[in-house]
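Generate the whole structure from the sequences, applying the supplied hints.
Protein sequence lines, in the order shown, are assigned to chains R and V. All letters in the first sequence, in the order written, are residues 31 to 385 by the working numbering. All letters in the second sequence, in the order written, are residues 3 to 261 by the working numbering.
Keep in mind the hints are simulated off the structure, nothing from the lab.
Derived lysine to aspartate or glutamate pairs resembling EDC-like cross-links, with alpha carbons at most 20 angstroms apart:
| hint | chain 1 | residue 1 | chain 2 | residue 2 |
| --- | --- | --- | --- | --- |
| 1 | V | Lys74 | R | Asp275 |
| 2 | V | Lys74 | V | Glu9 |
| 3 | V | Lys74 | R | Asp284 |
| 4 | V | Lys74 | R | Glu276 |
| 5 | V | Lys74 | V | Glu160 |
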Amino acid sequence: MAVESLRSRPLPRAEPRGVLLRWAAGAGLFLAGSLVVGLAVGPVHIGAGSIIAAALSHVPLIHVHSSLDAVQRAVLWQLRAPRVVLAALVGGMLAIAGSAYQGAFRNPLADPYLLGVAAGAGLGATIAIADGSAGTKSAIVPVAAFAGATIAVVFTYALGSSAGSGRTTGALILAGVTVTSFMTAVQTFVQQEHTNSLRDIFTWLLGGFSTATWHDVIISAPYILASSAVLILHRRVLDVLSLGDEEAKSLGVDVGRTRLIIVTAATVGTAAAVSVSGLIGFVGIIVPHTVRLLVSTSYRAVVPLSLVVGGGFVVLTDVLARTVLSPSELPIGVVTAFFGAPFFAIVLRTSRSIR
Amino acid sequence: MTAAAVELDCVSVSYGAALAIEELSATFESGSWVALIGPNGAGKTSILRALCRLVPFTGGMRIEGRDARTLKRRELARLVALVPQIPETPPSMTVAEYVLLGRTPHLGYFANETHGDRAAAGRALERLDLLHFASRILGSLSGGELQRAVLARALAQEAQILLLDEPTSALDLGRQQSVLALVDSLRAGSDGMTVIAAMHDLTLAGQYADRLLLLDRGRVVADGTAGDVLSAPNVSTYYGADVRIVHDDDGVFVLPVRR
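If you want it as structure tokens, here you go:
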């Protein structure tokens, strides 16, 4: 009996909260719902049921017949689907990059915009569009955007580290503001110098998915998916980094190298996202902090859920951007900032309790 | 059992032009408790930081017989666990999550904790009587509970050498004693850990440590048992303090005397 009771006594175990199934399912449903709404809303009426049937008709082994006519099919697969998929990829990337930057820099206010990554990508893309004759669809645009983004984050980080020994929130944000201003100034200069490509540059800068094609999805998806995978793999290490550099080192983490990998992955993905969508702000702040407030502050939850929720969020804001003033479109940045600015104010007020 | 846990050979640490540790040589035996004492700025924390390779140093350092310089950071973290003076305790992290972070040196870079890691963290929680706190967030703990959580994290690391930087500075007298008794039990128990602690309270240092190393401006100026090191001239010379030293059966007491 004694042995039996000893055996039945549960061994103490320490469990991380991780991502609870209901939150993972909730986030997944939010994304799926957003995708259906994104596909359904537009001047040509297509019901949600027909969309699901049409999607299932492409799945092998399931025999569902699409009830759509040729026009509806073209609208769905050539106009709305690439737009919605691209919005989901870009939104997910911006949100997961924001969560990674916040963890790597231990700064709740870090996002791709604040560190100058998006402005750097904007400058790179502008130079590429202005000098190349291929316009916004040139294959060189994502490459140039990536180069600009890398230069921007290296400058910001170097400046922030030297000004505040890499530890103060204020120095890093000021460095980001500085680099962003400089990059934007150069970008404006280049833009004004090339009046013939002004329209292309403006269209690109304002951000949005109105010109989205499957080509955009194909050129950006590999970067975004690879970056997201790297960041998700770092979710536990990001929790270790939240103890600060010294304690993370004393736990055996090579802090410098780890931070470099995380920032590089976030930069690659952000640059790819920005290069196909233009500049979309606030997603990287709103989404991770919403996950923190609702689910858990552990990066095990924040990183993967930001990807999924960010995707759904941008798909929905894109729906608003193209319906509010229909038939003309609002730049999506206007919609995200309209919701983002008040939210950002709340984060600022409570940032002492949010890590 | 008297193998050396740590051997220091002419170790120097400097921050820019300021020399924090000057050619320090010492051997710390396995299973012993060594207290580093000395006035502020004597170099106590610098020794602990050098042992974790958080600061660059010159000279030779062997930890559990291995050259500390050639160890990978992860290997070093499996040998040496540090409890910093002011640990970073993210307020919304749970105690269980925090203690599990102590398993980091045992995990692959991308790996998640295995069953074994969770059990090890669970043992650390049980050892420090924290099982009931496992799902509480750090921000809701009192100073004493927090200190136990930090110790549990270090314990989950399952390192043979435990470095403590002023482990009791934030605690009241009763909690100081219980934390020190706890550390002593880790050392005396089956774990047989080596404890190296920077300590502020000389009386407590004398009662718990088997050996005291008195430091002043980066040099060892006295080394031995409490009876040898805690003398009125030593304390007066290096701390600039007026004290009365009382020896009795319970140990050596360092009592401040009003000037």
